[in-house]
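Residue numbers (my numbering), protein chains in the order written: chain S, 1 to 336; chain W, 337 to 519; chain B, 520 to 1060.
Worth flagging that the hints you see were computed from the coordinates, not collected in a lab. These figures come from a predicted structure and were not determined experimentally. Accuracy of the hints is not assured; some may be wrong.
Stated by the list, open to error - Listed next, the in silico DSS-like pairs over lysine-lysine satisfying Cα-Cα at most 30 Å (straight line):
{"id": "1", "chain 1": "B", "residue 1": "LYS759", "chain 2": "S", "residue 2": "LYS76"}
{"id": "2", "chain 1": "W", "residue 1": "LYS488", "chain 2": "B", "residue 2": "LYS563"}
{"id": "3", "chain 1": "B", "residue 1": "LYS553", "chain 2": "B", "residue 2": "LYS603"}
{"id": "4", "chain 1": "S", "residue 1": "LYS335", "chain 2": "B", "residue 2": "LYS767"}
{"id": "5", "chain 1": "W", "residue 1": "LYS507", "chain 2": "B", "residue 2": "LYS906"}
{"id": "6", "chain 1": "W", "residue 1": "LYS509", "chain 2": "B", "residue 2": "LYS759"}
{"id": "7", "chain 1": "B", "residue 1": "LYS904", "chain 2": "B", "residue 2": "LYS767"}
{"id": "8", "chain 1": "B", "residue 1": "LYS901", "chain 2": "S", "residue 2": "LYS76"}
{"id": "9", "chain 1": "B", "residue 1": "LYS993", "chain 2": "W", "residue 2": "LYS373"}
{"id": "10", "chain 1": "B", "residue 1": "LYS603", "chain 2": "S", "residue 2": "LYS52"}
{"id": "11", "chain 1": "B", "residue 1": "LYS993", "chain 2": "W", "residue 2": "LYS370"}
{"id": "12", "chain 1": "B", "residue 1": "LYS836", "chain 2": "S", "residue 2": "LYS325"}
{"id": "13", "chain 1": "B", "residue 1": "LYS1037", "chain 2": "W", "residue 2": "LYS411"}
{"id": "14", "chain 1": "B", "residue 1": "LYS766", "chain 2": "B", "residue 2": "LYS940"}
{"id": "15", "chain 1": "W", "residue 1": "LYS507", "chain 2": "B", "residue 2": "LYS563"}
{"id": "16", "chain 1": "B", "residue 1": "LYS766", "chain 2": "W", "residue 2": "LYS367"}
{"id": "17", "chain 1": "S", "residue 1": "LYS325", "chain 2": "B", "residue 2": "LYS661"}
{"id": "18", "chain 1": "S", "residue 1": "LYS335", "chain 2": "W", "residue 2": "LYS373"}
{"id": "19", "chain 1": "B", "residue 1": "LYS563", "chain 2": "S", "residue 2": "LYS325"}
{"id": "20", "chain 1": "S", "residue 1": "LYS335", "chain 2": "B", "residue 2": "LYS766"}
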Amino acid sequence: MNALYALFAVVVLVLLAFLGVSAAGLQVVFGVIVPYAAVSVFLIGIVYRVLKWATIPVPFRITTVCGQQKSLPWIKSSPLESPPNGLWTAARMALEVLAFRSLFRNTSISLASDDKAPGGKRIVYSANFFLWLGAIAFHYCFLVILLRHFRFFTEPVVFFVPLVQVLDGFFQVGAPVVYMTGLIILGALGYLLFRRFANPQVRYISLAADYFPLFLLLGIVISGILMRYFLKVDVVKAKELTMGLIGFHPVVPDGIGSLFYIHLFLVSALVVYFPFSKLMHMGGVFLSPTRNLSNDSRARRHVNPWNYPVHVHTYEEWEEEYRDKIEAAGIPLDKG
Amino acid sequence: MLRDLLSRKRARIVEKWFDVILETYPEDTSKFLKKGKDPFANPVRHTILQGVEGVYDALLKEGQSPEALNDFLDKVIRIRAVQDFSPSQALAFVFSLKGVIREVLGKEIRENHLHDQLLLLETRIDALALRAFDVYMGCREEIYELRVSEVKRMREQALRLLERTDRVFQKRKEDEDAPSRDS
Amino acid sequence: MSSEELDIKPEDLLKFDYDPPKQDWMDPSVAFRKGTYCYSCAPKHLEYLEMANPREWQPHDKDWKLPENWKEIVFEGMRDRLSKYRSFQLFMDICVRCGACADKCHFFIGSGDPKNMPVLRAELLRSVYRNDFTAVGKILGKLAGGRELTEDVIKEWFYYFYQCTECRRCSVFCPYGIDTAEITMMARELLNLLGLNITWALEPAANCQRTGNHLGIQPHTFKDSLEFFQDEIEDITGVKVNLPISKKGADVLFVTPSGDYFADPGTFTLMGYMMLFHEIGLDYTWSPYASEGGNFGLFNSHELMKQLNAKIYAEAKRLGVKWILGGECGHMWRVVNQYMDTMNGPADFLEEPVSPITGTKFENAKSTKMVHIAEFTADLMKHNKVKLDPSRNDSLRVTFHDSCNPSRAMGLLEEPRHVLKSVCNHFYEMPENTIREQTYCCAGGAGLGTDENMEMRMRGGFPRGNALRHVQEKHDVNRLACVCAIDRATLIPLADYWAPGVVVTGVHELVGNALVMKGEKERELDMRGDPLNEMEGDEDV
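So here's chain S without its partners, still in its complex pose (with noise of 0.2 Å):
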């Protein structure tokens, strides 16, 4: 039900682009003010959401350890799992969000009995290593085709979009020649999508919010493919209202065909929902106390900037309060 409402949101959302510019000419509207809004809305939600989780405080060190701790010269510690220190959190950051270091540790490969392979054995991934190899490839690809899009944000094109699109395109199959990343991020999406519907407990917790960026991004992707290698839009005119865009002179060239603004529709569609949604766990992963902290709260003293007295039962209250005890147990007291 929850994948329904959001298929049906990213077809109103195609429709709407479709109609808006093929039946009602609002080409002005689709090219150029949806998408000068959209960037505004992402880039003010983006800030202000960053801002809002770094200004709330982090009260305590809670660093979840994962690892030995460096303690005692002679015990060798796992400074990647228990950082010892800022350097090494940084690291633990960094093979975090470059290569999802938890996730992977869902993962486990593993020999079972197997009659009829050869040997006896074959290899068996957990489930959650598709999860991880899903998540890692849609990321990356996410990265590179962001990068070939820049041929058209950037006159001279900039120095590094070649380089993609001929690593995208090393096997050099097909003409225009097949990127790679788009292939495989439909295939990752798939995967991601596939999995929420088939792992039961997975579609037990998804929710509309889950399933309604799987489908958008679907939806990117799919009009990005049918734009470069079946329905041919005019590459020279799409290039004119980016660069336009950019330049803040915003043109909008006739015949570009309305895939291209569906295309550019849905983009929109995602990054004014970016700031709002759990896509927002692209900044998050960087804030989060338990990985961004180093395991050392007690060689240095973490401060909470709203530590505030409490009522303590102090010695001389307790002390009073079982004096005779005290006395008759022979214990030492304060006050004699």
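Position chains W and B against the provided structure of chain S, taking the given hints into account.
Same frame as chain S, now just chains W and B:
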């Protein structure tokens, strides 16, 4: 004759039986229980599977020792006895074996006229159910014993302390009495 | 007669409420079935601690007697905490429900209750957050995963947040480090604002506030207890160990959980400490005022945690010691390692801890000035400062249970292992995905280790019990060692139920067994007063 069939189709029957048991868990959980193969990450699957395989084999074997059978039943029931099941829900799995066997072997039984043997087998399964009841009650009683002994452990230490206080008091009194006798 | 003619279907009788209920998790529903929840705390303890809404009630009552403006209180409480704890705000915002944590909770693994999946436990709170604290939730409501706060939701919170042991295993696997323990702590604080708490978590805290320890042991009884163990040690070893109490100017203040001097088998561990300190000639002192290492405040609120923890530094200051040594305890070390210095420090009246025996500087504790006994003892053993006869533990085949907090809030993994391997010859690890940072909880932590909750404890204890059973079958393991007072109480029934025959022990009990003392008599008895090296569980031989 039926016995041969049962051994030949062991894998199918045990698998089905196991599935039926797992379906008594919430849907969202049963797939996890079914899939996770690591015996330590998913001990419920591992242990219940061991249990049903053992029970099934023991059921077919003539002269199986009751203890061995109880051990296998125990594997399954010990888990279900502490989970969110009523007693009948916890033990229904024994009877569901009947349905599984009829489903898997129904055709062969009809064709080979093995109904008499089937009746005998079902009587055996009934006996199994009675055993299961014993095992279940044993587990539940254990839970209550654990509760009682936990409370007792706390009390024991208090009593030990009291006893000592008594001894110390006695000794102090003797010490106080002693000098007065001297004087 | 075929079955069609027979107009009875036997399955009908068996089928009754056989299928698990199919419903959306958003519909709150909790059946308070005895054995699966903890009882409420008596009003007198709430009154003593000046906590909200003291009254007689029980979770199985229909009317929980909430304050009239309970909703307002909860929302205000959430608002306050969202602005004070970045962890809370962030963990409410960034979960992507990837499901990586789902099968990591011992309660989920053992019970199969989907609301025990960490992500869903958090969603119980998060859904209310979304509904009332986010723009999208306010507009889209249920579609955005929002849920209205009702009394049933509160009941569900009570049930599931007092069904989390704050073990943090899920946090290890979360790609964003979302820590359910943190969410449970917030939820329990909110529940406490309405006067919803459990006796096993709160009564000890009230006791501790008043007497100095969870068990409510008063100073004279405290001394009596320690003297009792002094006598026991003398019976076993022939050595009368020294027993300094409230000794001003001692080098070290020693603090350990009260379970150690009140209930077996913690008491055997306590005797181990006393013997060790005597043998190495440590100038230390006990304190009846700070007679509790553990901190059940942690299981109720940050404020209560701070109140109770404050006594340790206060007492160290009063007695004028140089530094503090802490005994074997789990959650105590979460507090000491991650909260104490921040809450009640800086401890600038103490010195950086140095072992007076080996000269080792405990640089990892140079600010908090509190050293873990396993660090201290491992250092002694590394430098051969104590004489040991590990063969005295030869009848014991030992495995080690990493307690949640020393492993995941501290990283104390190798120190206790070094001690164990120094004092016994037969040591076996449980499977690797059940120990160290991946260790399974005893299912009785965070105030849930009470007898009325036994069924739930056994469910949650199954993953640990299963791993234990494995080494029992494979290596004949008969001892389960741990460095946690809660474990020493809760693992006993766990082992009895899931791996009968395995006996629970503290690490320093085994040290006590192996320790060769100056002037000791021929050792015939172990710390339990049983003949040395007699195989346990041999009654049927």
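Consistency of the hints with the structure:
Distance check on the hinted pair: B/LYS759 and S/LYS76 sit about 38 Å apart at the alpha-carbon level, beyond 30 Å; violated. Between W/LYS488 and B/LYS563, the direct Cα distance comes to roughly 25 Å. Compliance with the 30 Å bound is thereby established for this hinted pair. Between the alpha carbons of B/LYS553 and B/LYS603 the distance comes to roughly 37 Å, so the proposed pair goes past 30 Å and is violated. Straight-line distance between C-alpha atoms of S/LYS335 and B/LYS767 comes to about 14 Å, which keeps the hinted pair within the 30 Å bound.
For the given pair, W/LYS507 sits about 36 Å from B/LYS906 by alpha-carbon distance, which is inconsistent with the 30 Å threshold. Restraint check for W/LYS509 and B/LYS759: the C-alpha separation of about 23 Å stays at or below 30 Å, so the hint holds. Under the criterion of a C-alpha separation no larger than 30 Å, the hint pairing B/LYS904 with B/LYS767 is consistent with the structure, at around 26 Å. A threshold of 30 Å between alpha carbons decides the hint, and for B/LYS901 with S/LYS76 the separation of about 14 Å falls inside it, so the pair holds.
Taken as a hint, the B/LYS993 and W/LYS373 pair is honoured in the structure, with Cα atoms around 20 Å apart against an allowance of 30 Å. Taking the CA atoms of B/LYS603 and S/LYS52, the gap is about 12 Å. The hint holds against a cut of 30 Å. At most 30 Å may separate the alpha-carbon atoms for a hinted pair to count; B/LYS993 and W/LYS370 meet this at roughly 25 Å. Of the supplied pair hints, the one linking B/LYS836 and S/LYS325 holds, its CA atoms being roughly 23 Å apart against a limit of 30 Å.
This hinted pair does not check out: B/LYS1037 and W/LYS411 have alpha carbons roughly 50 Å apart, beyond 30 Å. Restraint check: the Cα-Cα separation between B/LYS766 and B/LYS940 comes to about 34 Å, which exceeds 30 Å; the hinted pair is violated. Distance check on the hinted pair: W/LYS507 and B/LYS563 sit about 38 Å apart at the alpha-carbon level, beyond 30 Å; violated. Taken as a hint, the B/LYS766 and W/LYS367 pair is broken in the structure, with Cα atoms around 61 Å apart against an allowance of 30 Å.
Using a Cα cut-off of 30 Å, the hinted pair S/LYS325 and B/LYS661 is violated, with the two alpha carbons roughly 60 Å apart. A distance of roughly 66 Å separates the Cα atoms of S/LYS335 and W/LYS373; the hinted pair therefore is violated under the 30 Å criterion. The straight-line distance between the Cα atoms of B/LYS563 and S/LYS325 is roughly 23 Å, inside the 30 Å bound, and the hint therefore holds. The suggested pairing of S/LYS335 with B/LYS766 holds, with an alpha-carbon distance near 15 Å, which does not exceed 30 Å.
Of the numbered hints stated above, those contradicted by the structure are hints 1, 3, 5, 13, 14, 15, 16, 17, 18, listed in ascending order.
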